[in-house]
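Chemist: Whenever a hint applies, use it, and build me the whole structure from the sequences.
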Amino acid sequence: MTQFDMLLRRALMDANLAQYERALQSAEDKEPDFSPRYLRERMRLLADPQGWGRQARPGGRKRLDWRLAAIVAAMLLLSACAYAVATGQFSQWFTWFGVNPNAPEQSEEVLRRTGTVIEQSQTVGDTTLTLNAAVWDGTYIYLSFTIESPSLPEDLQAYTPLHTGDCRLIMRQDQWEEYITNRVKEDCANQNMTPEETEEAVRAALEEGARKDVLWLFCPETREGNVLSFQDNESLYSGWFTETKRPELTLHLENIATYADGKGESIIDENGYAQNPGPGEIVIPGPFDLTFTLNEPILPIHYGGADVDVTLGTPPLPKVPMHFTELQLSVTGMDLKGEILAQVDMTPQEGYVEVGLPEGSKESDPLRMVDVQYAIFEGPWGLWIEDGTYVDITDSSGGLTSGSDLGETFRAFISHSFPYPIDPATITAVDIGGVRVELSELERLPERMN
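Here the numbering used here is used: position 183 in the sequence shown is 183, and no number is missing along the way.
Careful: at least some of the hints might be erroneous.
Computed beta-carbon distance windows for the label pairs [unchecked claim]:
#, residue 1, residue 2, range
1, Asn190, Asp126, 45 to 51 Å
2, Ser121, Arg246, 19 to 25 Å
3, Ser235, Asn255, 19 to 25 Å
Here are the simulated lysine-lysine pairs, DSS-like style, with alpha carbons at most 25 Å apart [what the hints assert, rightly or not]:
#, residue 1, residue 2
4, Lys319, Lys362
5, Lys245, Lys319
6, Lys337, Lys319
7, Lys337, Lys185
No wet-lab data here; the hints were simulated from the structure. Owing to the predicted nature of the structure, the values given are computational and were not obtained by experimental measurement. Beta carbons are placed, not taken as given, at the ideal position from N, Cα and C, and that holds for glycine.
Modeler: What follows is the structure, encoded as structure tokens:
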């Protein structure tokens, strides 16, 4: 990680911390009924903050490295104090996706079309793992599973962070070789590497193997008696398959343990940072292995040729001028690519930072990251679907997820989750900062947004 990367990450984190504090101060409900997804993400962040940042989205730019910076804002926005009761099988398995309160059957249908019913179980000793289903949106695979055991400790409750260093989501070997080859080739192309350098990078990646593909830290969503329920996700980009349409995967769970200070070895990431302690008490020894084949997903749709100028920020925020050129819509959210048409100051801020122009500053001064992020937080953002319905996604999780300093401007990537699953093919227009953009006037691109 370069010094520039660390400065940007720190500046984004400062911005979101300030945004989060201000939002909490203005909240009317002092005891919000946080959603299961909020609590899950909170525990994942607190248990392993650097690990959260390491979880990378596919592609040359590590988008989820920046998502570390946006997570605090996402937590608040995911709270969804009143969210609909699921009516269908997939909606019950994957509660964190939300449900359209006006047409819950539509949410269920979208998940069904991009999901796979698995319903496999395996028992080892007195413990049973049941893998309910998977949802694949072309970028991520989401899993729903339960673990039942009379030996679970009483203090292992919902949102207890668990150490999963021996757990894996294993791809069939020939499919993994296809996947990693295309992944490395794309990374090399983004770095303008020569064919010889690319060939060597592919060889090294294949030789190294998939041992680093560890399941991301997860924690149970609920506990009812002796049954823990989980929802988890891992990146799985469809564009890195050239032949495979339906990947075959094996969920391997083993030595799931609680975290305990002073027990286990410290986890050292690739940047040399010591993380939280390693495993404490092993609560689910396993091993479990369940193999399944995914159905084809509803793929994201990438649009280019946009020429959208917006100005975000209401007083006391400074004006944040932005220009957008591309967008991508998936079942779960919208990604935007563009530039902030101003200089952005990424200098880390200590403590609580009040948004708005500091005393004595001028409008021509570089924008502070805290003001940029809060302006994006205010929006507005939304979309129109083919029946004319407008879906406001301003209050869904989202924000500036990555960027790079271009000197006089700042390249920006913004992501917003949907409040419930939506087929991207049914979206006819999007609301970008108050500007309606008709998708029929844009160019539909075959490759993913990068």
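Chemist: Does each hint hold? Answer for all of them.
Modeler: Here is what the structure says about each hint:
1. Asn190 with Asp126: 45 to 51 Å: Hint holds: Cβ distance 49 Å, inside 45 to 51 Å.
2. Ser121 with Arg246: 19 to 25 Å: 22 Å, holds
3. Ser235 with Asn255: 19 to 25 Å: 23 Å, holds
4. Lys319 with Lys362: Holds, at about 12 Å.
5. Lys245 with Lys319: 46 Å, violated
6. Lys337 with Lys319: Within the cut-off at roughly 19 Å; holds.
7. Lys337 with Lys185: 23 Å, holds
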